[in-house]
Amino acid sequence: MLPGDRRLRRSADISATARGTRVGGRLVVLHASPAAASRPRFGLAVGRKVGNSVVRHRVARRLRHALADDLAAWDELGSDVLVRALPAAAGASSAQFAGELRRGRRKLAVRLGSGAGKGSPVGTAALARAASGVPGGAP
Numbered sequence: 003m004l005p006g007d008r009r010l011r012r013s014a015d016i017s018a019t020a021r022g023t024r025v026g027g028r029l030v031v032l033h034a035s036p037a038a039a040s041r042p043r044f045g046l047a048v049g050r051k052v053g054n055s056v057v058r059h060r061v062a063r064r065l066r067h068a069l070a071d072d073l074a075a076w077d078e079l080g081s082d083v084l085v086r087a088l089p090a091a092a093g094a095s096s097a098q099f100a101g102e103l104r105r106g107r108r109k110l111a112v113r114l115g116s117g118a119g120k121g122s123p124v125g126t127a128a129l130a131r132a133a134s135g136v137p138g139g140a141p
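Numbering-wise (this note's numbering), the sequence shown opens with residue 3 and increments by one.
It is worth saying that the hints were derived from the structure and are not from the lab. C-beta: ideal position from N, C-alpha, C; glycine also. A portion of the hints provided could be inaccurate.
Label pairs and their computed distance ranges (CB to CB) [stated by the list, open to error]:
1) 3 - 38: 16 to 24 Å
2) 59 - 5: 16 to 24 Å
3) 14 - 95: 28 to 36 Å
4) 63 - 27: 17 to 25 Å
5) 55 - 75: 24 to 32 Å
From just these sequences and the hints, can you work out the full model?
Set out below in structure tokens:
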């Protein structure tokens, strides 16, 4: 379970985060905006397209658990994060969620320009493409 001070609770905070930087994966889409608090906060959005109530709650529990296991790494990002589950998340395991969130965090770090993605394969490849002038590289 995520500690209370690490959760996005107000509708305005959730809306602001949803309008922020977005990166997608196969199971989830991560939205991020600069953290208003001293530490990043998290919100989950698991819509009806994911499945019925039982499936949605299972997905939310697995996502919360994956986030809680890796809170220290998210601190480096310095952004509030909204995790939106996609329909493919219905059949995913906890390990798949953990991997997807790690990849998403690295992508966000590159997009936001924070140090959290340095040294990661995603960040290194994007920076190398940008330095070489290859199209599709980071700006």
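Checked hints:
no.	hint	verdict
1	3 - 38: 16 to 24 Å	holds, 22 Å
2	59 - 5: 16 to 24 Å	holds, 20 Å
3	14 - 95: 28 to 36 Å	holds, 34 Å
4	63 - 27: 17 to 25 Å	holds, 19 Å
5	55 - 75: 24 to 32 Å	holds, 31 Å
Checked against the numbered hints given earlier, this structure breaks none of them.
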